[in-house]
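Please model the complete structure; the sequences and the hints are all you need to start from.
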Amino acid sequence: MANINNTSSYMDEDKKQIIKEPNYTYRDALEVSAFLIETGRFERFYKEMQIHDLQKELDEMGDDE
Numbered sequence: 583m584a585n586i587n588n589t590s591s592y593m594d595e596d597k598k599q600i601i602k603e604p605n606y607t608y609r610d611a612l613e614v615s616a617f618l619i620e621t622g623r624f625e626r627f628y629k630e631m632q633i634h635d636l637q638k639e640l641d642e643m644g645d646d647e
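Read in order, the letters of the sequence shown are residues 583 to 647 in the working numbering.
Simulated from the structure, these hints should not be mistaken for lab results.
Heads up, the beta-carbon is just placed ideally off N, CA and C, and yes, glycines get one too.
Misleading hints may appear alongside valid ones.
Quick list of the computed label-pair ranges, beta carbon to beta carbon [stated by the list, open to error]: (1) 619 - 642: 26 to 34 Å; (2) 612 - 644: 31 to 39 Å; (3) 616 - 642: 28 to 36 Å.
Here it is, written out as structure tokens:
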């Protein structure tokens, strides 16, 4: 069985938990990425993830700034 703790150091804790908890492996993540690249959807998906992360960051900042 693959090491479920094999997560990249650049991932934030939420993304590491996504891989660890459901027993996904780093290889699973690579296979999904390869599929998205092959089908031409990787760039859009990646940008949507960035937007989601930025929105989360803005929500955490709140209106007090």
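Taking the hints in turn, this is what the structure says about them:
1. 619 - 642: 26 to 34 Å: Given range 26 to 34 Å: holds, Cβ gap about 31 Å.
2. 612 - 644: 31 to 39 Å: holds (36 Å)
3. 616 - 642: 28 to 36 Å: About 32 Å separates the Cβ atoms of residue 616 and residue 642, which means 28 to 36 Å holds.
When the structure is compared with the earlier hints, no violation turns up for any of them.
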